[in-house]
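Visitor: As a plain string of letters, each chain reads:
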Amino acid sequence: MLKDQVVMITGASKGLGRALAMAFGEKGAKLAICARGQEKLRKVEKELRNMGVQVLAVQADASNPFDIERFVSITEKEFGKIDVLINNASVLGPSPMPILADYPADEFLNVLRVNAFGPFLVTKRVLPGMLLRNEGTIINITSEAGHIGYEGWGAYGVSKFALEGLTEIWAEELANTNIRMNMVDPGEMDTEMHQLAVIDCDYPLAKPEEIVDVFLYLVSKEGAHIHGQRIEAQKFLKRGENQ
Amino acid sequence: MRTTYTFQLPKELNATCPPEKRGLRRDGVKLMVLNKQTGAIDHDCFYNLDQYLNKGDLLIVNNSRTIPALLKADWYRGQKFLKMNCEIRLARQLNEREWDVIIPQEGIQFGDIFHFSNNVIGKVTKVSEHSPFKRMEFTLGGVQLLHEIYKLGEPIRYEYIHQPYLLEDYQTVFGSIPGSMEMPSAGRAFTWELLEKLKRKGVQVASIILHTGLSYYLDDKWDHSPSLQFEEFVVPPNVIKQIQETKNKGNKVIAVGTTVIRAVETAIHTGKYSGWTNLYIDRDFKIISADGIITGFHEPEASHLHLLSSFVPESFLMKAYEEAIKHEYYWHEFGDMNLII
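In order, the protein sequence lines correspond to chains A and B. The opening residue of the first sequence carries number 45 in my numbering; numbering runs sequentially from there. The opening residue of the second sequence carries number 6 in my numbering; numbering runs sequentially from there.
Possibly wrong hints are sitting among the right ones.
Each computed DSS-like pair below joins lysine-lysine, with the alpha-carbon atoms no more than 25 Å apart [unchecked claim]:
| id | chain 1 | residue 1 | chain 2 | residue 2 |
| --- | --- | --- | --- | --- |
| 1 | B | K156 | A | K121 |
| 2 | B | K257 | B | K226 |
| 3 | A | K90 | A | K251 |
| 4 | B | K277 | A | K168 |
| 5 | A | K168 | B | K202 |
| 6 | B | K277 | A | K121 |
| 7 | A | K168 | B | K156 |
Footprint (simulated), chain B over chain A, 3 or more residues, beta carbon under 8 Å [as the list claims (entries may be wrong)]:
| id | stretch |
| --- | --- |
| 8 | 116–123 |
| 9 | 172–180 |
Calculated directly from the structure, the hints in this document are not laboratory data. We put the beta carbon where it would ideally sit given N, CA and C, even for glycine.
Same shape as in the complex, but just chain B (with noise of 0.2 Å):
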């Protein structure tokens, strides 16, 4: 069952700059400890999440690279040159030269062609009144075309955002095999000095990849449900083994990001360790990967906030955001974090 959380989140607490440009560490930033048994809340920083952490505990972290999947091309229709400068969101590769895309722009059509750079162009080969998506095709592919996108594009960034901060900006320290098109924002504070920490206290790290689609289709007429989304992922067979062994040590899972959540769940209800997923978790779903999670402050209308219901009682998450907006904790992607365990 869906629920649509009420919140009103005043616009000072977005956060409109990384926290290293806002004279903090990386691992600097606020941290609220949510307990899911009893509500209770913690208030401290995000470099003493060891101290919520026992020796034996499984943290998983999601090592997705972001790229810079947000595009400029010159639209034409036939020799016909129609506009200039056309933003183009990558949203997913779905195969060597295809990937769905989404511009902006009214009035796309089938065959239209986007001029990238003297080296790329892409076609449109798939326009639907049902679908944000637009299906382009480009006349490279695979490493020839990643290339290009590195070469030309720039990390997606939304309203909040006010100065052009760079791709490494929107990096967590882990991530490593590029996919994603926005960053798996919930990795963000970690610092491999903490993570060494967290290491030298015996809590084990293990990685998964979930390459990340676009969480705003920039209009709100398309209805953003995670089963419309489809995301690749890639867990490692040793991974559902090593949360298996953690468990039955009694010690916990604890997910870096609803990513994670997705990735794993995915991979132990159908057996597949990867592939793509569509995954949709709201307070019904049952979590048998992760005891707790680490996560960002999400929006009302965030479908993150239906996963972390499944983890937490409603009434106490919405205790936690009220609280999270008195001690004026920071929203998105560059804010403060929650635990919830």
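So that you can see chain A by itself, here it is in the shape it has in the complex (with noise of 0.2 Å):
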């Protein structure tokens, strides 16, 4: 049980975060989530109180550091602490993906301030909290295009190596505390942004559900030795590493 566990997911109104949301709401943490989209987000929380689950539903871009700054604030308002911030925000950027020779410019800088500035943003500003206390577990949501090259995946690909890079910069740097951050590659997943991303996709998928307890075990006592690392959950959980 995560009683008393005070949980942030970025990008909780659907796919892999509405999936987190519901997952550790079950097992009764305190959840603080944010969304852009405001009707989506009013679903999730509805869903989630008639659960029985304490949530903070913020409606905040977590790349905008006025949402960032009063998202966090009004949690630690209202809970008094963040124990483990999940960075799942992000956007795909043009779909179908052109080559990096034909991206546009803005749309390029975009999905860069989205995918890799904001979850800077965000863990900076949740940071402190668990510095003071020395306690925390951060995790951030990588891809498979953020770790290997490949052709039209633009700039969600190079957004996902910045991610991984902030990731092990700043394991790196909190080697000497007890606060965790690790990033996780969910694998491709039957998402609306994977049907963006792979159109007309043809083969099956894994449901963001079916791979929520990587995530359980990260923030448990059992996963409490894994820091700095990059897990592939689909991989981690047919191994049975969680078990």
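Join the two chains into one complex using the hints; note that each chain is given alone, in its own frame.
Guide: Here you go:
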């Protein structure tokens, strides 16, 4: 059980973010969730409340410094602390994804802003409370496209490479603390974003709900030794490493 | 006993911008070290703070975070529109919907209405000729009101600041729990890198919360005595224990700012670990929690100077301030630092 644990998830109104909110809520955690779209966010908030979960749902853009300040501060005021941060919010950019030579510069910058600068800002804002208490877990959501340079994955791939670099550097800098930072590559999943990335996909995909156990493991006592790692969720579960 | 300190602060020594905007790192500001026993003064850089602390010493910081407490609203009496964009400074939260506020505008009456946005309206529920504060009840409370404050508010800036620096410039790196109307500025020069350096040396770091009120009521007729200023605090019981253990081992406890002294001394003297404090500390008050203090440089009339005189004889303090002026130390929230130890 994660009773009294406060879990913050960005981009929690759909896909993996929503599945994580449900999974952590079910385990008894208090949730602080945000998303840009009001309607879907309120729907998730309602579902969580119906499950008896204590939830703070804030309409916010997780790459906007003012929104982040508001979201995190209100969470700390309401719950007094944040134990777990999952930097999940991200955008794909234009779909179908143009090759880099054709990539519109403003779109490129926007994808980097949301997918790399956003997690930097949210983490920087959440970290002080964790550092003072000397405990906390941060998980960044990456992608195989942020590990290997695949043709056609444009700004999304570049932004996830940046996020992986950010995670590695920050994990090193936190090595002398009890704060753990890892990244999870969820693998290909049946989400709106995947439909935009791989149009007319004709092979089976995992459901977001099928990989949430990796995250539950990472915040558990059993997973407390894991720091600075890149975890491929589907392989990790297949190997039963969370058992 | 209260003393009026007399010295002239040259205008050019007002820090008009954050150190990062004048080419320094946050922890690159000057540090004056004042020996409270001898009055001896050292001049150094804040990043070298570790040179003055020992393994086992305890540093206590205030992790209250600054909120954007300066708001604007349109003023109405009944249906009658009176003025647009009136300034309203939040001073302290009394309960879910009620706050004490400062409204520089003359002629405010009981029942006056202030429109902040389509989402929030404030009604004046108390006006007193004996108090600088007006009481205001908002149509929203709790988290909803805080959302609006963040969306509409600006940090409180004083007249020596010429640029509209952002709220993030008015934060310490460890500021976490929101609630201060003004930055607890004694902690501003710290960086996580410096804290890590101190930690490696074996210096302990603990935190308390004291949400600061307003340091100036915009009209000199009001008394700024801390005894009239109630501020909310939380001192975790383990911090009191840590202080005792540190002292028992012969190590020093260093308070980062007068807010820390105020909160911790209140907790020790009252036995209450949270609540409101209006503790006034001057040279006759015997501080039992801290052996030293890190603070900024204060104006002659600031009550902070009275608190500092409980650490160090006034003659040493005044000599140090003369020296600070001579060496062109910067004053105020973005300024240089003073370690009294």
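Visitor: Each of the hints needs a verdict: does it hold here or not?
Guide: Verification of the supplied hints:
| no. | hint | verdict |
| --- | --- | --- |
| 1 | K156/B - K121/A | 16 Å, holds |
| 2 | K257/B - K226/B | 40 Å, violated |
| 3 | K90/A - K251/A | 22 Å, holds |
| 4 | K277/B - K168/A | 33 Å, violated |
| 5 | K168/A - K202/B | 19 Å, holds |
| 6 | K277/B - K121/A | 21 Å, holds |
| 7 | K168/A - K156/B | 20 Å, holds |
| 8 | 116–123 | holds (count 5) |
| 9 | 172–180 | holds (count 4) |
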